[in-house]
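Enquirer: One-letter residues, chain by chain:
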Amino acid sequence: VNSLFYNSSIKKQYLISVVTILTAVGLGFMLSGFVGYRVIAFVLLVTVSILALFFDILPVILAAVLSALLWDFLFIPPTFQFTVGTTEDRLLLLMYFIIALIHAVLTYKIRQVQKEVRKREERANTIKFYNTLLNSLSHELRTPITTIIGATDNLLNAEKLSDKDKSELLSEISVASVRLNQQVENLLSMSRLESGIFQIKKDWVDVRELVYTTLQRFEPALSNYRANVFIPENFPLFKLDFGLMEQVIHNLISNAIQHTAEGTDIIIKAECIEERLLITVSDSGKGFPQDEISRVFDKFYRVQGSRPGGTGLGLSIVRGFVEAHNGSVTLHNLPLRGAMFSIEIPTEVSYINRLKNE
Amino acid sequence: MSSASILIIDDEVQIRKLLTITLQSYDFKVQEAVTAKEGLTAAANHPPDLVLLDLGLPDENGHDVLRHLREWYTSPIIILSVQSSEEDIVKALDNGATDYLVKPFRTGELMARIRSALRKTIFDENNPLGEFKDLTIDFVARVVKKDNVNIKLTATEYSLLALMMKNEGKVLTHQYLLNQVWGPSYRDESQYLRVFVAQLRKKIETNPNRPVHIVTESGVGYRFVGSTI
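Chains as they are written, first to last, in our numbering: chain B, 1 to 358; chain X, 1 to 229.
No lab work stands behind these hints, which were simulated from the structure alone.
Treat each hint with caution, since some may be false.
[To be verified] Residues from chain B that face chain X, not an exhaustive set, calculated with beta carbons under 7 Å: (1) D206; (2) E209; (3) Y225.
[Stated by the list, open to error] Computed footprint of chain X on chain B; a stretch qualifies when at least three of its residues, placed anywhere within it, have a C-beta under 8 Å from a C-beta of chain X: (4) 193–205; (5) 251–264.
All C-beta atoms, glycine included, are put in the ideal place defined by N, C-alpha and C.
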């Protein structure tokens with residue numbers, strides 16, 4: 001498809017080149033009463049140069065050849081034949097031709113060089129990006145691994161340890177492996193999203209069930225917060241991918257827990273506006289720096305000076321999974337304090353639960 | 001139940017070792033197999049009381065192994081699977097797997113799955129009663145009580161709940177529940193299931209938003225939990 005598009009755009013370039021030259025020649029024809037044919041050569045040369053700025057080399061060469069021939073045929077005396085009267089004019093035609101060609105080739109070359117430079121810059125940026133990523137990722141993965149290796153080594157020399165030490169080391173291992181599992185899960189989700197083979201499987205979802213199932217997975221960490229859920233009675237069913245939406249809400253709550261103080265509010269709200277599902281998750285933290293809001297959903301992006309922990313993948317997975325539902329997710333700071341993530345998904349709605357069954 | 005024999009079919013030596021040590025500490029007899037071929041032979045030579053089958057074996061697709069086993073083996077088979085493969089899990093359950101565990105799993109989860117898989121159906125004509133913490137059911141009188149108080153259930157609600165209670169501790173897929181309670185033509189009408197599960201939770205759970213009896217297995221189905229898992 002790509003090459004087809006490219007071909008058609010090349011064809012278009014040829015067409016535009018010919019039309020432009022014909023127009024310029026027509027203009028020259030109208031001017032021929034007022035100016036000499038040598039000035040018209042300059043008008044044509046400028047036209048070819050302008051084409052060279054935008055187009056590929058072959059359409060420009062066509063424009064150069066065509067304009068030279070037309071100039072010769074229509075303007076150089078004797079007009080309306082290709083023969084050229086004087087040696088001076090022959091030399092002029094030759095020079096016209098050479099200058100037009102040089103323009104075409106030079107502009108083409110300059111653009112090639114620019115492209116090369118841009119590519120090199122992009123590559124350098126990518127390398128820089130992946131280095132940052134590798135640093136943060138290897139930190140996030142190595143910390144729990146180090147804990148696990150160190151603690152097990154200690155436990156293998158168990159004679160020296162008190163029972164209290166042993167159980168402390170064991171619980172360190174447990175915490176570290178849960179953390180490691182979380183990171184791996186995020187990485188897997190990300191690669192699933194980027195693999196292209198990722199498929200969304202929609203089925204009827206009870207949003208209340210979705211939200212509360214997700215919340216239950218956060219016990220006991222969430223009990224340190226005031227988590228409030230607002231979902232209207234008789235809320236309809238929506239066609240969603242349960243597993244993906246579970247992870248979306250999980251990541252938003254996990255983000256709130258990581259970055260806001262214990263004892264504060266976390267509010268989850270769901271609404272149905274026409275055929276769209278609206279879910280908001282808000283916290284009472286200090287909000288996001290205004291100039292970084294647009295970037296928080298970027299892969300591996302981490303807010304400046306934020307607490308260590310986390311790979312910068314959570315929110316980009318949120319965006320990826322919501323967009324897989326053709327939905328959108330936005331973030332804004334609340335007027336008093338805290339931030340609110342809003343998810344909006346257009347989807348089929350079923351009010352079957354409002355009917356009296358049986 | 002103890003000294004029941006369990007066959008582990010998994011190519012990862014670490015997983016086999018972990019499972020063997022854990023199961024032996026709960027007094028199970030353990031056989032290990034590394035490949036599908038080895039597993040099928042072991043199961044034929046010394047039929048175990050339960051099989052733990054990894055879906056990702058090197059020599060044969062786990063679903064095929066499951067199908068081969070099910071041609072003659074009727075005891076429980078629990079599938080070991082990796083994350084984000086609900087479709088695989090549902091397919092395995094449709095093909096006769098008794099239950100599933102997602103790696104990484106907790107030992108408590110493992111033991112709960114094995115226990116409920118090994119439990120023969122407790123309910124027969126001689127024992128028409130079931131007791132699950134605060135809930136009791138009388139399968140003959142078709143009566144469900146919570147804290148000794150009758151719960152009013154519609155006929156469909158009762159069929160759904162009774163089916164789940166009969167399979168206490170086991171995961172039941174959405175399709176299975178729809179097929180059994182509503183009939184084959186409702187297999188894809190999952191909205192009915194959602195609505196009735198929500199209604200049932202309102203009636204039988206102390207806090208319907210934190211259900212302890214009807215547990216959601218995301219993307220797969222529901223599990224009725226009678227006692228603590």
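Enquirer: At least three residues with a C-beta closer than 8 Å to a C-beta of chain X: is that true for the region 251–264 of chain B?
Expert: violated (count 0)
Enquirer: Under 7 Å is the threshold here; is the Cβ of Y225(B) close enough to any Cβ of chain X for the hint to stand?
Expert: With a closest approach of 16 Å, the Y225(B) hint is violated.
Enquirer: Go through the hint on D206(B) and say holds or violated, using the shortest Cβ distance to chain X against 7 Å.
Expert: holds (4 Å)
Enquirer: When I compare C-beta atoms, does the region 193–205 of chain B have three or more residues closer than 8 Å to chain X?
Expert: n = 4 at 8 Å, threshold three: holds.
Enquirer: Is the interface hint satisfied for E209(B)? The criterion is a beta-carbon contact with chain X at less than 7 Å.
Expert: holds (6 Å)
Checked against the numbered hints above, the structure violates hints 3 and 5; every other hint is satisfied.
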